[in-house]
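Participant: One letter stands for each residue in the lines below.
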Amino acid sequence: MMEEEEAEESPPLSPSVIEGTEEVTPPLSVSPSTIRVTEAAQDGELLTFIIVSQKLSGTGEYHVDRTYEDFDWLQQHLFSLEDVPGIQGIIFPPLPARAQQNAPVKLVRQLGLLATGETWTPYCRALGAYLQQVAGHSLLSRTQHLETFLTSPEPPGRQKVKKGLFNRLSQAVEGIRKGRPHQGTEDVDDFFRTEREHNLSLTGLSRAAAERFLEVVQTEQKIAVACGHFAASLQLCVEAGDDPGQETFSKMCVKISEIMESMKKNVQKVAENDVTTLGLGLDLECRYQEAEKEMLFRRTCKLVELETASRNAERAKPLKKAAMDGDQKAAEKDFEQVSVVAKQEVARVQRARVAVLRQALVRWCELQILTATSSAEQWNQQLLAFRGPARGPGPSS
Amino acid sequence: MAEQTDYREPEPGRGEEFSPEAEPLNSNGQNSLLEEEEEEEEEGEDLFTEATEEVSLDSPERDVLLSDGPSPVTPPASLISPHLPHNHLYTHCSFDEMEEEDTPDLFDISILVSDPEKVGEGMNAYMAYKVTTQTSMSLFKSPQATVRRRFSDFLGLHGKLATRYLHVGYLVPPAPEKSIVGMTKVKVGKDDSSSNEFVEKRRAALERYLMRTAKHPVLLKDPDLLTFLECSELPRALSTQALSGAGILRMVNKAADAVNKMTIKMTESDTWFEEKQQKFENLDIQLRKLHCSLDSLVCHRKELSVNTALFAKSAAMLGNSEDHTALSRALSQLAEVEEKVEQLHQDQAGADFYLLAELLADYIRLIGSVKGVFDQRVRLWQRLQDSLLLLQKKRDAEAKLHANKPEKLQQARDDIREETEELEGKVQQGERDFEQISKTIRKELFRFEKERVTDFKEVIIKYLESLVQTQQQLIKYWEAFLPEAKAIS
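Chains as they are written, first to last, in numbering that gives the first Met the number 0: chain D, 0 to 396; chain G, 0 to 488.
Because the hints were derived from the structure by calculation, they are not lab data. Please note that the accuracy of each hint is not assured.
Stated by the list, open to error - Simulated coverage check for chain D against chain G, where a stretch passes if three residues somewhere in it have a Cβ under 8 angstroms from a Cβ of chain G:
hint, region
1, 125-136
2, 198-209
3, 219-226
4, 253-263
5, 356-362
Idealized CB from N, CA, C, for every residue including glycine.
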């Protein structure tokens, strides 16, 4: 289970993973750490998720069904929240990509590691983690939209997202994008300059690591298939033995087939372990880095806005000067706010991602040990039974 | 009689039961049984199926087969094992008896092929292997012998054994396959993992080949085998060169033989043979399918090793860029562990291949030998039928002669009488040969099935051991890593 660190206000809470002890009192009526996406039901093209959460009052649970549209609806609303100062500085909880479920190959391309499990479980877990992150965020969890999403029996987003609610953020960003290029924009703040570089490198590296890990998992799955084929083919060698020579040989074949079957199960378990722990962890890490990148970009846009406003104010003719000065002041204030929030968010995400990766690595390791122990035991039993009694520990091959 | 020898004094009535009507190795190096080697170049397709001598009535080879002239290939009967005491030389043994008597020596022999070493340069280079034999059997001069042999020596040995024993129905284990591509890489000096793998694959195959041959109670006593294992110098086997003139000639003959083979239709009086033949056909098909599946598994396993290595690298890079100290350290540790895991996957792929895949491949090739002896039996039957036919014709001619001109053509009658008697002898010999080969094949198949069980059992045990070992290693690695992961805070 992926525990998500709860958001905290200043002063920041201890860096270790916290369960359900938040200092904020959002209007949210459920306990954020209990939010789970328990299953996904597929009906033709439609994929419906069941979301369960515990009431804070302790009097029961909410069960709601949602589709990806609803998640999208929520995310869009978060982007366009009013009355959140410095909202552009928020590193928004990253929503996993939409799953278009027709071709499995396409699915892997879209979802990467989230699509490699045999079931929807990894995807559900990632969606659940998203909701927990939103619910745990001090600024974002206050929105009524989240409450509706989690508790309303009626799905909130079934109506098309109105154009009017179009992402304010992206609108602003688009406008500026068409202006000057920002890659080379020098940052006034050392912290952010370093952070941008760091984020840039981590974005690439984490994506590479996730892709390599995905390939490992896919190869494990191929091995499972090959073992299965082999086991099945071997069964065909087994004939009704008329003579003892044939019978004993058939027994050998059955034995090898059994070994192959158990190898297949082992490798399948290994792949499952991989996906549900480190796989999810790496996937989230990638999305965190991307989300931070987007935030840093927005802040840079704000910086550009500020620089433009400053320039305008400088050049302004006396008639317009007051207005321009006013604009500049506003831009300054805006930028300040964004930077303050951004700094907090960077720290928050840093703690969150470290916690996530720790959890993932520890759990992955534990599961590996469990699986290897049980497989070793099983094969050892088979070996002893097959070898027969009293053979000294032979040289290992 | 304490010692087994392969020397047999001809007994009355047993004629050349032992001494095979060996295909002569004429100056062209033509020897149809050696064609088996050529087949092995064709990637295991139809091994030995077409290694027929021509049986059509008009073939010149046939005459050679039917003749009982001495063959240029020295039959073992005339060879005297130099290290056996003289008084054992005149023991009357048939192969039958040799097998039925308990060898006073328990079968105790171990043969290792090791230390491949490249000799020479360029296209004339070759690989020499060390062959070490350890045994307590008195058949051998000493309990340990070490010699150096090259691949063509092995092929030469196999050629001799095949010539001598295959066509009386013994399952001579097939020699490992030639590979022009593989060997060229080695000659040219490519020192990469694929040519190392090739050499290792060949070394292992040579070892299995020798052990399998030595396990055969009859073949073990063959002087050429003993020489191979013990003598430091060995004359170079010439007819095994891949693209030699002899080789090409053999291929041409093969094509002709293929046509002839199809015309033999045997009336089987013994259903045992029919059933067995069918079973082996089935087994052949199944083993080939299995081998394919296994190839796929080995391939993916190697792929996993490569992908694990790549992941290890990206984890290392991530660790290097990571600010958070403990996380950074953990990621670097992770990279190290994954590199070790990569090696484990590599080892497992090795086990998959050398234990399972090569076992299947060996048996596919062995079934080739089985098919060969079945074919040989059919050929002997055909030969017998031909002799019977000729005999009948001669007798008819004799009768006619007798009827028509009783007094005048005394000479002609004498001649015909002589020829008839000769043919009668041939028929008797043919019947004996056929009976003998049928008997031998039965015994050989019985032994084959026993050995098959032993071989498979041994492989299963080794394979399970490899699986257990891999898991235990994994546990060690992950248990070492766990505290590192927990230390992230």
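Participant: If a hint holds in the structure, say so; if it doesn't, say that too.
Facilitator: Hint check results:
1. Only when three residues or more bring their CB closer than 8 angstroms to a CB of chain G does the claim for the region 125-136 of chain D stand; here the count is 0, and the claim is violated.
2. For a cut-off of 8 angstroms, the count of residues in the region 198-209 of chain D with a CB near a CB of chain G stands at 6, and the three-residue condition holds.
3. Residues of the region 219-226 of chain D lying with their CB closer than 8 angstroms to a CB of chain G number 5, which satisfies the three-residue condition for coverage.
4. Restraint check on the region 253-263 of chain D versus chain G: 4 residues with Cβ-Cβ distances below 8 angstroms, three needed, restraint holds.
5. Evaluation of the coverage hint for the region 356-362 of chain D: fulfilled, as 4 residues show C-beta separations to chain G shorter than 8 angstroms, against a requirement of three.
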